[in-house]
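S.K.: These are the residues of each chain, in order.
2 protein chains.
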Amino acid sequence: MSGMVLVNGREDEALSALDRGLSYGDGLFETIRFVDGVAPLWARHMQRLQEGCARLRLPMPAVSLLEREAALAVQGRVDAVLRITLTRGVGARGYAPPPEPTPTRIVAAFPAPAADASAARDGLRTRLCTLRLAAQPALAGLKHLNRLEQVLARAEWNDPAIAEGLLCDMHGRLISATMANLFAVIDGVPVTPSLDTCGVAGVARAEALAVLPQAQVRELPLQEALGADELFLTSSVRGILPVQAVDAKIFAPGPVTRMLQQHWRRLGFRAPDVPMESA
Amino acid sequence: MSGMVLVNGREDEALSALDRGLSYGDGLFETIRFVDGVAPLWARHMQRLQEGCARLRLPMPAVSLLEREAALAVQGRVDAVLRITLTRGVGARGYAPPPEPTPTRIVAAFPAPAADASAARDGLRTRLCTLRLAAQPALAGLKHLNRLEQVLARAEWNDPAIAEGLLCDMHGRLISATMANLFAVIDGVPVTPSLDTCGVAGVARAEALAVLPQAQVRELPLQEALGADELFLTSSVRGILPVQAVDAKIFAPGPVTRMLQQHWRRLGFRAPDVPMESA
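Quick mapping for you: the protein sequence lines, in order, are chains E and V.
Numbering (the numbering used here) for the first sequence: 1 to 279.
Numbering (the numbering used here) for the second sequence: 1001 to 1279.
Source of the hints: derived by calculation from the structure; they are not laboratory data.
In this text the structure is predicted, and so the values were computed from the model without any measurement.
Rough simulated footprint, nothing fancy, chain V against chain E, three-plus residues with beta-carbon under 8 Å:
(1) 76–87
(2) 142–152
Every beta carbon over 10 Å from chain E, so not counted as near; a handful from chain V, in silico:
(3) ILE1186
(4) VAL1189
(5) ARG1218
(6) GLY1227
(7) ALA1245
Beta carbons are placed, not taken as given, at the ideal position from N, Cα and C, and that holds for glycine.
Next comes chain E alone, as it looks inside the complex (with noise of 0.2 Å):
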């Protein structure tokens, strides 16, 4: 199922079972589509891998190191979803985190999923999840270990024509769906929820800000996306893809998600067969 694993640079899948990212989920991950060897969010996911070892303050590996072990691990693959870990390595038992830790860094290349152009085309369908995020600011916004929400909300449904559930933080705002960013257009403007108490900071949901000059990053009422011109989702690995439908409420692709899309694709993203902004 998994192509090439590095475990400290070397190609063994054996971790130790002491490792504090598995006793307590001690650690950071990044989730990097390649394209042809080449991975077009690559600098945003440094980024995004440095800011979360600071908060947590993890030693950050050099970006050279993990550019390396990285084309190492997706080598022969033309499409591949990389996975970076990095941990607090073994320590003595007990949270305290060591005060010189080795951390641990596992770099493992995976098959990327396959291109679905209807997804692109006409959208995914989604359902709201009974799970609710908690608020915990010194976490939010990382994409850390801990993610036990996320697993418990994406048992939540088994049917497999729906493709994402969106999460809503206890005060029924919207954050996120399990495995992607959300932005909704409403009167025109695309507005992505803050994410200062809950929710993962995506890099794709970076880019689509950095493109997306007057969108607004603020509180989403869950009833208010639902009255949404467009919502659609943003994911490293996936692009943007259309929300068709919440549950039964139904939401056509429009313009600002077909916009991003070509983006997306004079990025080096090789999406699906999807139409053009006005062709």
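Since the structure of chain E is provided, determine the placement of chain V on it from the hints.
M.R.: Positioned in the frame of chain E, the structure of chain V alone reads:
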């Protein structure tokens, strides 16, 4: 730093780097104190693990199997702390739990912490942590592998004279210490915080509640706790420990603390030199 480690019954520290326990913290653990090869609270640990498995929909291993592996791992150690970690095993990339997981089972023995007679007699100095625990009813009470909150809280101080940090929720209600549960004796009544929205439902807390029929489980505002007659911590590893101070506020060990310490000795824990209840 550790003794024997068994991964799925094999004496081997190696774990797959693709285990969901590492990828997502998708699993549970127990930390069990052994004295002379016996774990006085074993049955309670097994009960909690069983309940955690039911809530996370993980298959519970046979208790007889865990018993055998525990005995093997602690063999030769007079005192030991055993950590049992149970994860959802290796799965395809993505949050969706595999429909029929092959769990990973890690049984690892560690040296027990040195007996600390002065801590048992006079109590621990503690501090109030800045970090506040997030409210997540879906995970509250579970001893799951998502423990970044505890890691961040424990990283708030380095002073070795401070043995523990106390944690409130976002509403200023006291919940626990970073590695222990907490009781306050208020007007003669033992009170321990309810754990419906956050915290870990400790095995030592359950034992203490079983021998304190008059105890209340309820919300405990920090200010009320700071006015208590007695404050003590319960830990399956360290037993019953008085709180001597929370920052500048001083407490004295009281009769409920001493009675529980005596109960712990009767359970078989060789407590350090603690004064007898009325000796």
